[in-house]
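J.: Each chain is listed here by its residues.
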Amino acid sequence: MVPVMYYVILSAILFIIGALGVLIRRNAIVVFMSIELMLNAANLAFVAFARQYAATSGQLFVFFVMTVAAAEVAVGLALIVAIFKTKASINVDQINTLKG
Amino acid sequence: MTVQLILFFILAIVAVLTAVGMLVSKNAVYAALYLILNFAAVAVFYLLLNAPFLAVAQVTVYAGAIMVLFLFVIMLLGAEKLGQSQVQAWQRPLAIGLGLILAAEMVYILVSGAGGLVVASQGTTINPDFGSPANVGMELFTKYLLPFEVTSVLLLVAIVGAIVMTRVEKK
Amino acid sequence: MNFVIYPLTLTTFFPLLGVLIILFLKAEHKNAIRWVALLTSLVTFGISIAVLAQFDTANPDLQLVARAPWFQIANWTVHFYMAVDGLSILLVMLTTFLTPISILSTWTAVEDRVKEFMIFFLLLEVGMLGVFVAQDLFLFYVFWEFTLVPMYFLIGIWGGQRRMYAAIKFFLYTMAGSILMLLAILWLGIYQGTFTVPDLIAKGGIPDAVQMVLFIAFAAAFAIKVPMWPLHSWLPDAHVEAPTAGSVILAGVLLKMGTYGFLRFNLPLFPEAAVKAAPWMALLATIGIIYGAAVSYAQKDVKKLVAYSSVSHLGFVMLGLFALNPQGIAGGILQMVNHGLSTGALFLIVGMIYERRHTRDMNAFGGLWKIMPIYGVLTLIVTLSSMGLPGLNGFVGEFTILLGAFGSEHISPWFAGISAAGVIMAAVYMLYMFQKLFLGPVDKEENQALKDLNWREIVTLIPLLVFIFWIGLYPKPFFTLMAPSVDKLVTIIQAAAAGLP
Amino acid sequence: MSLSDLVLNLKVILPIAVLVLWACALLIIDLFIPAQRKGLTALLAALGLAVVLGLAVAQAGRQESAFNDMVVVDGFSTFLNVLFAASGLAGIALAYDYLKRTGMERGEYYTLLMFSISGMMLMAQATDLIVMFLALELLSIPLYVLSGFARPRADSEEAALKYFLLGSFSGAFVVFGIALVFGATGSTALATVLEVARNGAANLTLLVIGAGLVVVGLGFKVAAVPFHMWTPDVYQGAPSAVTAFMSVGAKAGGFAALLRIFMVAVPSTSAHLWLVFEILAILTMLLGNLVAIAQTNIKRMLAYSSIAHAGYILMALVTYGLPTTAPIGVAAALFYLVAYAVTSFGAWAVVIALEKAEGKGLELDDYAGLGRKYPLLALAMAVFMLSFTGVPPTLGFMGKFYLFGAAIHGGFVGLALFGVVTSLISAYFYLRVIVIMYMREGDPEVSADPWLKFTAIAAAVLTVLLSLAAGPLFNLAARATLFLN
Amino acid sequence: MLLSEATNAGGNFSLVPLVVFFPLIGLLLNIIFGGRLGEKAIGWLASLASGLAFGVAVLLGISLIGSHGAGVTVPFLDWITIGSLHLQWAFRVDTLSVTMMLVVGGVGTLIHIYAIGYMHEDVRHNGDPGRYRRFFVFFNLFIAAMMVLVSADNYLMLFVGWEGVGLCSYLLIGFWYDKGKDGIGNAIAGKKAFITNRIGDFGFLVASFLMFKFFQPLAEGGVFSFDFDSVAAIAPKVASPVILAITLFMLLGVAGKSAQLPLFVWLPDAMAGPTPVSALIHAATMVTAGVYLVARSFAIYSLVPAAQNWVAIVGGVTALFAATIAVAQFDIKKVLAYSTISQLGFMVAAVGMGAFVAGMFHLVTHAFFKALLFLSAGSVIQGMEHGHHAVEHDPLLRRKMKQNERLGSTHHFDPQDMRNMGGLRHRMKTTYWVYLAGALALAGIVPWAGFWSKDEILAEALHLNPAVYWLLTIAAFFTAFYMGRQVIMVFFGEPRSEPAAQAHENPPIMTVPLVILALLSTFGGFLNLPFIHTFTHWIEYTIHPAAEAAEAGAEAAAHAGPWYMWGGLNLIVAGLSTLLALIAIALAWMIYTRRVEALKSLPAARRPDDPLRSMLGPVFTGMEHKWWVDELYEFLIIKPYVAISRFLAEVIDWKFWHDFFHDTIIAGGYRGLAWIFANPIDLGVIDGIANGLAEGVRGLAAQARRIQTGFVRNYALSVFVGVVLIISYLVFQLR
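Chains as they are written, first to last, in the numbering used here: chain A, 8 to 107; chain B, 6 to 176; chain C, 2 to 502; chain D, 31 to 515; chain E, 1057 to 1791.
Chain A with its partners taken away, still in its complex shape (with noise of 0.2 Å):
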């Protein structure tokens, strides 16, 4: 039996990649992809947890979060493609003319 505090900590960990994955990249898609992992990371925790307490909730969660993601996904991606369509580009580097 693997102690449910493992689960935990890899699921930080791969959390903690993916918001460096927010961070450092600068393709919209891959940062975007990098909340995907955040929220899987977030999701591994909660099965985790869930296993723990013997606890259904835990899994019906990370459906509904899964459902989520599926949902941002779409908006996400359609952003994203507006944008390309106007910017030609989707280095988030490159969209910064609001600032100051």
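Quick caveat, the hints were computed from the structure, so don't treat them as lab data. Note that the coordinates shown come from a computational prediction; the quantities given were computed from them, not determined experimentally. Any given hint might turn out to be false.
[Stated by the list, open to error] For each label pair, taking beta carbons as the anchor points, the in silico distance ranges come out as:
(1) E/Gly1673 - C/Pro280: 53 to 59 Å
(2) D/Gly472 - B/Leu74: 47 to 53 Å
(3) A/Lys92 - D/Glu393: 42 to 48 Å
[Unchecked claim] Only part of the chain D face toward chain A is listed, based on derived beta-carbon distances under 10 Å:
(4) Asp35
(5) Leu36
(6) Leu51
(7) Cys54
(8) Gly84
(9) Ala184
(10) Asp185
(11) Phe194
(12) Gly197
(13) Gly201
(14) Ile208
Just so it is clear, CB atoms sit at the ideal spot from N, CA and C, and this is done for glycine as well.
Dock chains B, C, D and E against the given chain A, drawing on the hints supplied.
T.: Relative to the frame of chain A, chains B, C, D and E by itself:
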């Protein structure tokens, strides 16, 4: 060391490595593929954690549908690679430093502060039905009826939003 | 609830009726607007006389009380609580008295945006009256802050060259002080359980250390408003840039709000702290007196000179208040009125010449007495009043203040002694001003053809002069009005002082 | 769950249900409304919102939960629901002519707006972290889209992308935080979390860290420093009508969640987290007000101003662990939200009135001479600026009075001091607007839109009158904290 | 007690408020109706007002005789009542105040009448006839204020009159405010008078504060009213250092008003006023107020010998000091001005020593003869102006005058310069004779008034304070000398200028008052003849206790003293002073007739304008320049004050408080902070630094532009930093 533990470590290494791979790969397509691998590894964890329904959903919805969509958009936009630029170069080391600090803190606090959980988990017996699609579905449509309905609205909104964002205006 | 027709509420809010009427007048009908404003303020003055008639001079407590719970926040009840006593009745009268005079003074001076001007002016009157009659700290604060707004516009829109700078500075400085007071008010309301002043005084029992902090928080608001040295830096700007009527009201009433605040709140609410702080306040007051007088003398701009003289004069008021004895406090109150009359009149006078010559540089004048004899004589009387010539109002105030300060148990007689030298210095800068403007030969071409005062201008000044003489020769009615309340206040302070080690 | 049960449960979320259904219906109806007459959609949406407002008001005094304790109706939720519905109406009023003028009039605008409102209302009613998270997303996703509604204007798209990426990013923190809270207590239901924590059965470490991460995510929504950086860019880039709505709705939604989670579920973390809130509040007030001074674009200035106001409301959260002060804090925060909403909508109405189709007219200098040319509009704007500053007699002052009072009641005098000092700082840039309007000469142009003017003037009148007769509003806000008992 | 009740007190005492009200009514009538009245009517109306006041004073005097000198207090109105302070408008009628009222009313009325004629000319000469009315309004105001001063029952009411007369002095000195040096000289002189007086008043005020602080607790019922009686009653119970302080501060007031050292400097400048003003205010009445004050306060001065000594020394030194300056003046009025200062010194010394009666006596006689001298000087000046006028309108004479070596231009002719006069005794006979009477009175020649009063002072001084006696005696010698010099220079010899040769006598409206005053100056001394002592007894009704102490010796000596005491007159003192006076006059005669003749042989360029100049050298220069006191004050007080106030105003207040502190520290700090937050911190100070490190040195401006990021990743970093900080804090907390 049990088999489960060995399996865990192997998979954990895979998960971390694929995540790092996503982080560092120059090509967005590679990044997406790494991520799919990562999701797959996580799906196996779900199985280990008595969540078969979620494991399936993870593979189909996440690794399948969502990531395919990503790949599709990457290809569509031809945005596999971005040109090199030095803009914000300073942010990378800073972010990594901060990330390492945070990771250290999390590990420390989870190991030391949340230790009680580890012990408690040992003896827990699990209903064999736990996490099965039937069980999850039952919960979903009774106790979690409202959130479930909300997700439907959410998806509707997402659809409308996606259309609004991409529809070509007829002038 | 017959609040609307209650004397004090009616006095306070009556100008709003004028505001309403003016709102429905066309901006082009300037004279109609002026008349409405003037009549409104005159009626307000009339109502305030009715208030005075109902005022019982023998009663030391708050009178003509209009009190009702206003609203409740958490379990802190805020009251709509208006009342007057001997400490405030004169200031109420001063406000209603100066407002019509100021409005009259703008008759030809303000041609631009008359409608807005009059609206702001009447709103200002509401705010000022509210400050003097509010007996609930919250209500008081609302009026206190509210006065900033119309004054801000008066300076900012109808002011001189650097009006924006002056307006913002005025607003920020005064607000800087009052926000600390807001915290102190909250503290009192929350920990003492009431916002009404009489209840707070009755409750008492604030620990010494806290009392000092609260004292300072209140003092910050009032000291800036007064303004006490060294917080006076906004005053010359505000005065110089403000239009004449604004200056009159600013000097005549708004500054009094600060000294009144000390009187109404700092002294009775925190008597122990007041006793302890008295030497420091007296020190600042004394520095203000001497400093203001010295700085006035070096000014070239008449209005600035008068502005700095206010620093000096209000130093006297503060010195009197913190003498913490009947002579000092009564003198202080009277000196508030005196300063309102004299300095108000001086600003009117400066405004009159500015309207004719569009400069306030003293070097541009000289020998005006010959050209404008009536103007000269009226100015002379006001000048003398301002420098405290016995027989005129200024002397009565300054003398009683100094007498009180010299005899005070709480502050050193040195303060009074040094401040008395301020009387000499007042003569120096006032006579200098008079000399620069009115004496000597008429050596400037532009001054040759100046017209003497017209009837309207004389009418604006005469009421002030009447009071200048009246208070100087027979101030008894004024002292009678305030005496019981002052005695009561002194009793409170004495009791507190007796409890101190 | 039987049908009658369902009906009973639905009654609790009736306003939301009606709103969502009406929005779905409108999606379809909109298809049949010709492009030139999208105003009709607006009117229909407004109608729906008005009905929802009525329903929300009708819920007053009710106190019951539904859907297995997923949602609740109580004073708190009713108060906020009314606020959200009213904000929606104001948002439509502001958008009505603006969309036409700027050529982005499409029916989806209104349906998205309504969906977003439904998310906010759900947020106010949610008593389970799952629902809360979903509500957060339901609130946010339409706003992401609306921010980019001026597509293909680059500003607007950029705003949308920034908002979206950062929103999702911070959303992930919320999810992870909830996961930790779940890990600490084994439940996502607020009541259970509270109970477990109270019994000492919860893992405090996980609970505190989880709560801390939730603060991050929601702090982003309410634009607390240092999670605020999206605000100016998004406020500037998004269509002004959206910004106006967002500045009120998103913030109120975020605070609804923060208040409910921290007051109801995890007061046990206050020993660890109150300082975090205090520092966030201080930083937010300070930075928001300071940076606003340096702005020349009115939208950016209002953005920083909205950051600052979030700081003031955060003051209420600092008190969340004190049983006697917390209700006062909640009431004060709710009151302040109303004050802020009224003032903010008014100010944005003026901004929109001056904005030109090509995005010009947003610099502060464009306001020169407004006082002379459009006295009523300028007067209204002056009232809003004074209310933002906190000068009586305005709602803004009442709100600050209440908030500072709560802080002092809780013993946070230093925090209150920061509050007043930053208010003073804020006076500087708010007054500058007045200075420019009244004391400089200029020739501004205003689009004569009755709805805008109505909104502005009504807001101004409300700002002043409500402050003078604030008693009922204070009572409502105070009663809205009943859930804490 | 009101007026009606006071009437029952008996006699005419209740009329006393009228001494104030008559002049006030007069001035009000002139203000209101003066515009429609002719000059004559205005003048006579004012004179009538003053005359009526005098009439009331006479009635009061008669009543006092009737009541055997018992004074009364006539309350009129409450003034200031606060707690333990109770001030009244109340009038005091006793022999001391009535004496002053008589002097003020009598001399005042005469000068009013004189001024009717004098001002008629003066306003025309100065080219503004419109000011005629104003003059009489001010004059009546002065009488009213002076009456308030002398009839006051308490120190504060006295102070009202005290400052009131100061105001009138200011107004009348600056009456020709557009004339004088640079057109503003007169106005400045007025201001100088007022401010110098204010310095004195400061002393008065502090004295009154001290009085209140220490007398009030001892007062009956704890209520102190500053009235003379209660002050006198309480004073012995108060610690003597306090009394000393009070008296010394009061002395400062006295020095200011009565032009004593060190505050005398304003009086010579005050001569800028029209001559009747100098006569009435700056010789006869106002300046004696200080003497009156000390006499009034005899009860407290008597308690502290140290203070008395100080007062006496101040008086004595001033008397001598001013007398020396008077010797070297050329302006006819300046001589008289310094003479006035000197004579005031006599009086102050007298009252200081405790010889209150002698001081008051000299005050009265001095009022007569000094008013006379000033008025006759005015007559001389106007005569000279007539002469000048005649010269201006006669081309022949004008040419003649042009040739006059010392007067380059006729426009700068000074009708007051004695060097332009001479020989006037033939052209202005009346003036000459009355002037002579005045001069003899002042010089102290038997039997003119000055002899009796001055001699009484000297006799008392010998007895009470020998040092002061010698000071005064020498001063008396100088007095006789400069009067001799003046009379000779003005009236004797040959006319030294064309106008002097053309001068002529003034109309009777001016000369009649002169004659009356001359008679008073001649016979005024008989008020207090040896053996009879009418005046002494009169005053002693009021200054009884002090008189007992101070004059007991003199009285005793009068009856049982050595051979040289003759009915209260010290024959040795009288003889010595008379002898000295005669010697001085003789000396003056020698120098200014003989010596002048002798000097005529010198060429005009090298001929000194005054023979003394060559005889005394630098001493004369010193005297001529008033021992440079004005310059000293300018250097020590005025310049520093102006510099300090400039410094405070321009540097401290404006540059520091206003600009630096407000604009730089507060506003600038505020803006700077805002900028830092807005730009580097909010948008990446880190960016700027890191870029700088990574990319080397680049222009700061470029950096500033570049750090306006707008990068979404920076924003995310900000969020992340927040997360790390919060988690770190929590980890630290939970540890």
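J.: If a hint holds in the structure, say so; if it doesn't, say that too.
T.: Here is how each hint holds up against the structure:
{"no.": "1", "hint": "E/Gly1673 - C/Pro280: 53 to 59 Å", "in the structure": "holds (58 Å)"}
{"no.": "2", "hint": "D/Gly472 - B/Leu74: 47 to 53 Å", "in the structure": "holds (51 Å)"}
{"no.": "3", "hint": "A/Lys92 - D/Glu393: 42 to 48 Å", "in the structure": "violated (29 Å)"}
{"no.": "4", "hint": "Asp35", "in the structure": "violated (20 Å)"}
{"no.": "5", "hint": "Leu36", "in the structure": "violated (20 Å)"}
{"no.": "6", "hint": "Leu51", "in the structure": "violated (19 Å)"}
{"no.": "7", "hint": "Cys54", "in the structure": "violated (16 Å)"}
{"no.": "8", "hint": "Gly84", "in the structure": "violated (30 Å)"}
{"no.": "9", "hint": "Ala184", "in the structure": "holds (5 Å)"}
{"no.": "10", "hint": "Asp185", "in the structure": "holds (6 Å)"}
{"no.": "11", "hint": "Phe194", "in the structure": "holds (6 Å)"}
{"no.": "12", "hint": "Gly197", "in the structure": "holds (9 Å)"}
{"no.": "13", "hint": "Gly201", "in the structure": "holds (8 Å)"}
{"no.": "14", "hint": "Ile208", "in the structure": "holds (7 Å)"}
In this structure, the earlier hints numbered 3, 4, 5, 6, 7 and 8 are contradicted, and the remaining ones agree with it.
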